[in-house]
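One point on numbering: in UniProt numbering, the residue at position 162 of the sequence shown is 162, and numbering is uninterrupted.
Because the hints were derived from the structure by calculation, they are not lab data.
In this text, a Cβ means the ideal position worked out from N, Cα and C, and glycines have one as well.
Errors might be hidden in some of the hints.
Derived Cβ-Cβ restraints for the label pairs, each shown as a range [what the hints assert, rightly or not]:
| no. | residue 1 | residue 2 | range |
| --- | --- | --- | --- |
| 1 | Q131 | F201 | 22 to 30 Å |
| 2 | D61 | Q198 | 38 to 46 Å |
| 3 | N176 | G120 | 27 to 35 Å |
| 4 | S106 | K157 | 32 to 40 Å |
| 5 | T121 | G181 | 19 to 27 Å |
| 6 | S68 | G181 | 17 to 25 Å |
| 7 | A127 | S106 | 19 to 27 Å |
| 8 | D52 | A134 | 33 to 41 Å |
| 9 | Q131 | S194 | 33 to 41 Å |
| 10 | R182 | V67 | 15 to 23 Å |
| 11 | K157 | E130 | 16 to 24 Å |
| 12 | R53 | S128 | 34 to 42 Å |
| 13 | Q131 | Q75 | 25 to 33 Å |
Below, simulated SDA-like cross-link-like pairs (lysine to any residue); rule was C-alpha separation at most 20 Å, straight line [unchecked claim]:
| no. | residue 1 | residue 2 |
| --- | --- | --- |
| 14 | K157 | E119 |
| 15 | K157 | G54 |
| 16 | K157 | R98 |
| 17 | K102 | S147 |
| 18 | K157 | G74 |
| 19 | K157 | Q131 |
| 20 | K157 | G177 |
| 21 | K102 | K157 |
| 22 | K102 | F201 |
| 23 | K102 | G74 |
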Amino acid sequence: MNWKKQQTLVLVMLVCVSTVFLVAGCSSLYFSWSPEESAPPSSGQNPEETIDRGINFTLPDLDGNSVSLRDFRGQPVLVVFFKTTCPHCVNEAPTLERVYQKFRYSQNLVILAIAVNEEGTSGMLIASQEQYAAMVRSQFVNRYGWSFPVLIDNYGKVQRQFAGTGVPRYLFIDENGEIRGRALGELTQSQLESLLWQYIF
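I would like the entire structure built from these sequences, with the hints used as guidance.
Here it is as structure tokens:
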């Protein structure tokens with residue numbers, strides 16, 4: 001084979017090898033990268049939107065199970081602090097169930113009734129947690145057919161932190177967990193509904 005033929009053959013081989021590497025390289029590059037794979041995982045929200053600025057507390061229910069306010073994010077929440085020894089709380093007990101039934105589906109309303117287990121502001125319990133739960137169940141839940149969650153606040157710690165003393169006392173909390181209004185004293189059904197529309201509906 002003469003020199004010119006050898007040069008031509010080498011040149012053809014080089015072109016073939018280069019073409020193979022070029023094609024392989026592009027294919028590798030194309031299949032190993034895409035915007036979805038290289039971008040960080042997204043929750044579909046802005047980082048600002050994932051920050052929970054709402055209040056939270058955790059209390060036992062009448063069966064001793066822990067319930068947190070944060071469990072109800074995305075829903076308007078009416079928190080009602082009451083005591084078994086409060087006659088005004090007894091008077092408004094039927095009103096709470098009527099309001100709950102009226103708005104639980106149309107407005108997605110949650111009512112959290114919180115039984116404050118403290119004699120006045122003495123720092124002493126009315127009864128043990130188990131005894132107080134039984135009192136609340138007998139005097140309120142069973143008697144007035146309450147179908148919303150009822151929690152126990154021993155020594156009124158949660159009430160003092162977010163609402164102050166005195167019962168009945170109300171917190172109107174929006175779907176983000178932020179307090180939009182407060183009220184103190186016995187309310188009629190029309191008064192309570194008006195405040196719900198004003199603050200959280």
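Results of checking the hints against the structure:
1. Between Q131 and F201, the C-beta spacing of about 37 Å breaks the proposed range 22 to 30 Å.
2. Checked against the given bound of 38 to 46 Å, the beta carbons of D61 and Q198, roughly 29 Å apart, lie outside it.
3. Take N176 and G120: their Cβ atoms lie about 34 Å apart, and the range 27 to 35 Å holds.
4. As the Cβ distance of S106 to K157 is approximately 34 Å, the hint placing it in 32 to 40 Å holds.
5. Distance hint check for T121 and G181: the Cβ-Cβ separation is about 23 Å, which falls inside the suggested range of 19 to 27 Å.
6. With their beta carbons about 21 Å apart, S68 and G181 fall inside the hinted range of 17 to 25 Å.
7. In this structure the supplied range 19 to 27 Å is violated for A127 paired with S106, their Cβ-Cβ distance being about 37 Å.
8. In this structure the hint that D52 and A134 lie 33 to 41 Å apart at CB holds, the actual value being about 35 Å.
9. Our hint of 33 to 41 Å for Q131 and S194 holds, since their Cβ atoms are close to 37 Å apart.
10. Between R182 and V67 the beta carbons are some 21 Å apart, a value that agrees with the proposed interval 15 to 23 Å.
11. At about 18 Å, the CB distance of K157 to E130 agrees with the hint of 16 to 24 Å.
12. At roughly 36 Å, the beta-carbon separation of R53 and S128 lies within the given 34 to 42 Å, and the hint holds.
13. Take Q131 and Q75: their Cβ atoms lie about 31 Å apart, and the range 25 to 33 Å holds.
14. A distance of roughly 13 Å separates the Cα atoms of K157 and E119; the hinted pair therefore holds under the 20 Å criterion.
15. A C-alpha spacing of about 18 Å is found between K157 and G54, which places the hinted pair at or below 20 Å, so the restraint holds.
16. About 28 Å separates the Cα atoms of K157 and R98, which puts this hinted pair outside 20 Å; it is violated.
17. For the hint pairing K102 with S147, the CA-to-CA distance comes to about 12 Å; that is within 20 Å, so the pair holds.
18. Proposed proximity of K157 and G74 is contradicted: the alpha carbons are some 25 Å apart, above 20 Å.
19. Taking the CA atoms of K157 and Q131, the gap is near 19 Å; set against the 20 Å cutoff, the hint holds.
20. Of the supplied pair hints, the one linking K157 and G177 holds, its CA atoms being roughly 19 Å apart against a limit of 20 Å.
21. Note on K102 and K157: the hinted pairing is violated, with a Cα-Cα distance of about 31 Å set against a maximum of 20 Å.
22. Proximity of K102 to F201 is assessed by CA-CA distance (about 13 Å); at most 20 Å being required, the pair is judged to hold.
23. Distance hint between K102 and G74 is fulfilled; the C-alpha atoms sit about 19 Å from each other, no more than 20 Å.
Checked against the numbered hints given earlier, the structure breaks hints 1, 2, 7, 16, 18, 21 and satisfies all the rest.
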